[in-house]
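Enquirer: Each chain is listed here by its residues.
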Amino acid sequence: MEKEYWRWPEYRWSSSDIDWKRGDIISAGVDVGSVSSQAVILVDGELFCYSNYRTGSGSPESAQKVMDKALEGTNLTQDKIHYTVGTGYGRVNVPFAKRAITEIACHARGANFMYGPTVRTILDMGGQDCKAIRCDDKGKVTNFLMNDKCAAGTGRGMEVFSDLLSVPIEDMGRLSFEVDEEPEPVSSICVIFAKSEAVGLLRKGWPKEKVLAAYSSAMAHRVVRLLERIKVEKDFAITGGIAKNEGVVKRIEAELKIKALEPQHDTQIAGALGAALFAKALVEKERGLG
Amino acid sequence: MLAHYGYKDGSGEYFIVIDTDKCDGCGECVKACPAGILEVGEDENDPFREEPVARVSKDQRKKIKYTCAPCKPVSGRKPLPCREACGPDAISHSW
Chain Y
4 MEKEYWRWPE YRWSSSDIDW KRGDIISAGV DVGSVSSQAV ILVDGELFCY
54 SNYRTGSGSP ESAQKVMDKA LEGTNLTQDK IHYTVGTGYG RVNVPFAKRA
104 ITEIACHARG ANFMYGPTVR TILDMGGQDC KAIRCDDKGK VTNFLMNDKC
154 AAGTGRGMEV FSDLLSVPIE DMGRLSFEVD EEPEPVSSIC VIFAKSEAVG
204 LLRKGWPKEK VLAAYSSAMA HRVVRLLERI KVEKDFAITG GIAKNEGVVK
254 RIEAELKIKA LEPQHDTQIA GALGAALFAK ALVEKERGLG
Chain X
5 MLAHYGYKDG SGEYFIVIDT DKCDGCGECV KACPAGILEV GEDENDPFRE
55 EPVARVSKDQ RKKIKYTCAP CKPVSGRKPL PCREACGPDA ISHSW
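So the sequences go chain by chain: Y and X.
Note that the numbering used here numbers the first sequence so that position 179 is 182, with each residue one more than the last.
Note that the numbering used here numbers the second sequence so that position 63 is 67, with each residue one more than the last.
Here chain Y stands alone, though its shape is the one from the complex (with noise of 0.2 Å):
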């Protein structure tokens, strides 16, 4: 079989010091996205466990296998877990999740944990849609939009690139840096025209890295429009699959001139996080706390 480039690494996380049997409230969050797909597991707010997995072709399956993946090698059970929220593009198609939540809620909320309450602006560069989005100190939306219209600036758009030049998705951010001086962005930003774009540009004898840097430059230039709209705000963080690829991030960061704060968990799991948090604030409503 031909290899296939475009395949990140999935993989899951238990944390070895919680025990979970002496927790008060077990809540969890599941974000079935339209490329990748979370499971978050809190206990009493603190990241017990967690996955993140390619979405298969049904949203019901998808949130039972990252919910599995995630409880695998741990002792907790389904059946232990109080409350489960779903998020998502397949945020109404989980199972056994009580309620739905907007990843826009849930991007906001998962971001005030994963990078403290500083945050005021987040850019969620999904799998086929990316959000701009502002909040408070307690990670309420304040300002939001998203585009899901066109796939400029998406992950599916640098997986469709990292197949078409060959390179690992890990490796492009940092392969897109080793050209001696930055390219002009490619011209078009919808995917299919950059694709076609990037063709003529190899026949040109352009190298590899030159066509990633004018791509990755275009995806990046294209985000800043967006952003533009609600206005940033720092602190800045970004949250999603292309948060790990540093060629787009640090292409952000020198148009907005701003710096985006260090990620300390996997930037993927930003919504399902949040997902988790609010199932746990709506156990604490039910029993009348919140």
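A couple of the hints might just be wrong.
Here are the in silico distance ranges between beta carbons for each label pair [stated by the list, open to error]:
no.: 1; chain 1: X; residue 1: 70; chain 2: Y; residue 2: 169; range: 34 to 42 Å
no.: 2; chain 1: X; residue 1: 55; chain 2: Y; residue 2: 151; range: 25 to 33 Å
no.: 3; chain 1: X; residue 1: 26; chain 2: Y; residue 2: 173; range: 40 to 48 Å
no.: 4; chain 1: X; residue 1: 91; chain 2: Y; residue 2: 139; range: 20 to 28 Å
I should point out that these hints are in silico values taken from the structure, not numbers from a laboratory.
For every residue, glycine included, the Cβ atom is placed at its ideal position computed from N, Cα and C.
Chain Y is already provided as a structure; the job is to place chain X on it using the hints.
Expert: This is chain X only, laid out in the frame that chain Y set:
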């Protein structure tokens, strides 16, 4: 919260913006919109808000360029019907 409904593509920006802090969910904009793109319902992005709020209906969010086209500015035209109907002045747009 400033809720931006719509999108931006190669041809321009198409957003209806609803200030949910000003919106009281009265529904006057829903009646006023000739294209019927507005609705009143729960605030999807604020799970703890109990009061209903105006929003652009889901199936219309990717079509604003076309459905709102008759309300694009031309000289001498009055403000958009949705904006005019809104007492608390909660609606704005990107064109």
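Enquirer: Is it true that residue 91 (chain X) and residue 139 (chain Y) lie within 20 to 28 Å of each other by Cβ?
Expert: 26 Å, holds
Enquirer: For residue 26 (chain X) and residue 173 (chain Y), compare the CB-CB distance with the range 40 to 48 Å and indicate the outcome.
Expert: 46 Å, holds
Enquirer: Looking only at beta-carbon atoms, does the pair residue 70 (chain X), residue 169 (chain Y) fall within the given range of 34 to 42 Å?
Expert: 40 Å, holds
Enquirer: Using the C-beta atoms of residue 55 (chain X) and residue 151 (chain Y), is the stated range 25 to 33 Å upheld?
Expert: Given range 25 to 33 Å: holds, Cβ gap about 27 Å.
In summary, this structure violates none of the numbered hints.
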